[in-house]
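Top line first, the protein sequences correspond to chains A and B. Under UniProt numbering, the residue at position 85 of the first sequence is numbered 85, and the numbers go up by one with no gaps. Under UniProt numbering, the residue at position 100 of the second sequence is numbered 100, and the numbers go up by one with no gaps.
Keep in mind that the hints were calculated from the coordinates and are not lab data. Some hints here could point you the wrong way.
Claimed, not checked - The calculated label-pair distances, taken between Cβ atoms and stated as ranges, are:
hint : chain 1 : residue 1 : chain 2 : residue 2 : range
1    : B       : His-93    : A       : Ala-133   : 48 to 56 Å
2    : A       : Phe-130   : B       : Asn-185   : 32 to 40 Å
3    : A       : Gln-93    : B       : Ala-138   : 23 to 31 Å
4    : B       : Leu-78    : A       : Phe-130   : 49 to 57 Å
5    : A       : Ile-61    : B       : Ala-151   : 38 to 46 Å
6    : B       : Tyr-246   : A       : Gln-93    : 57 to 65 Å
7    : B       : Leu-222   : A       : Ala-133   : 32 to 40 Å
8    : A       : Arg-94    : B       : Ala-151   : 37 to 45 Å
9    : A       : Glu-32    : B       : Val-42    : 24 to 32 Å
10   : B       : Pro-45    : A       : Met-90    : 33 to 41 Å
11   : B       : Pro-45    : A       : Pro-28    : 22 to 30 Å
12   : A       : Arg-94    : B       : Val-213   : 56 to 64 Å
13   : B       : Val-52    : A       : Glu-32    : 16 to 24 Å
14   : B       : Tyr-262   : A       : Arg-153   : 36 to 44 Å
What the hints assert, rightly or not - Covered stretches of chain A (chain B as the covering partner; in silico rule of three or more C-beta atoms under 8 Å from a C-beta of chain B):
hint : segment
15   : 48–58
16   : 69–82
17   : 131–137
18   : 147–160
Ideal placement from N, C-alpha and C gives every residue a C-beta, glycine not left out.
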Amino acid sequence: MSAHIANGRFVVLVTIFIGMMFQIMPLPKIVEAWRPDWLLMVMIYWAMALPHRYSILTAWILGVLLDVLLGATLGIRSLAFSIVIYVIVMQSQRLRNFTRWQQSILVAIFICLYHFIIYWVEFVVNGVAFDWAMFLPAISSIFMWWWVFWVLRNIRRSYKVR
Amino acid sequence: MKPIFVRGISQQFRLTLAIFLSVVLLIANDRLDPIRQSISSVLSPLQYLANVPGLLLDWSADSIATRNMLAQQNKELLRQQLMMSERLQRFEHLRQENVRLRALLGSPVHMDARKVVAEVMEVASDPFRHYVVLNHGARTGVFVGQSVVDAQGVVGQVVEVSELTSRVLLVTDPTHGIPVRITRNDVRAMAQGTGDIDEIELRHVAKSTDIVVGDLLVTSGLGQRFPEGYPVARVMKISRDAGQSYSVISAQPLAALDRIRYVLLIWPDDNLDDLPSSIHSEISTIDNPSVEPETQDEGSQ
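Between the sequences and the hints, there should be enough to build the whole structure, so can you do that?
Take a look at the structure:
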């Protein structure tokens, strides 16, 4: 049984790793602003499907790693990740039963929340200016969520991650 | 199977803990540089891996280039090289004259610095930040505060170094300031990033200051960070609003910040002695082929 769990954990780590890679992959300047929040979507999926295993503290660690990768002030994304994943974990039962369209719109709202928290903390810490462009990833994430959800659910089912 | 502590207060407790830890990180941020550096060293393979698709794209673009394109490019490069070498000859003459004049004046000679070509691996995906990640790190001798330029002008400075990568803050980042001088009349100013990739701003310039559109701004070397004389930006707009106490001057960076691919890391001369000896040879091998004529060791007379 424990070997089984370890196996599942490995699969989840691989998906997180790939999500992180997509998150920092260099893109042309025009597409850059539209980059979906891959890592957050992967984390949202796992928090929704397996809230008893991957929840706030996992999200917090991922947030710290992302802060390091992006060179931002440490703690900004860990805070945003924790809060968003908290909402997901609390509503995971309900979220799972929504249709895909409802889900993806909710995910977009969560991503807006995520960017707003980042903006807010950045504003307090570094005094940045408000820019509507920070919500563009939410729009692209609406469409990407379908794909992320489909891929991750297939992975979860075929590797029997529970 | 499910642990009992999933329900009830536990998630709230975890959230509180996570928020508490995040706030601790935010407050202690300045003292966490060693931790950040080691995490970033551990994660640097990920950055190299994320860079692979772009490299593949570049590689395929290179390999499907037709013979015609290559020949044309070659011709263009040859022409450029001819122009450059002609300018270099004049430059060499001027340099010697300059050294002699400085010797007469008794002021120290400014020597050419060593340089390493670095490749941009990652560009900020954060709308609030302007930085790039380079494929050289502490192992090459990169240090925090090092200046980075490209073929046209100053790109920025290194703010974070890990074992194999380093992070460069661009001159357009809102937290970046660079001391500049106008070439026409030596007026000094501070150029501050605005957050727009093609604009920097001169702050606190008196309205009577002699600045016109088109003036070239070069580094003044006053902040002890950037070596003197590298071009930074060109003045684009001057607004002298009667309601403001200073004139607002915006300038366009000369370096192509929105599409940089290769940049030069510059080592100031006095720092060269601190480098491990293996680096010396590497620098000269990378540097030798074409980038700059080696003009080291002209000595301080």
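Numbered hints the structure breaks, given as an ascending list = 3, 8, 18
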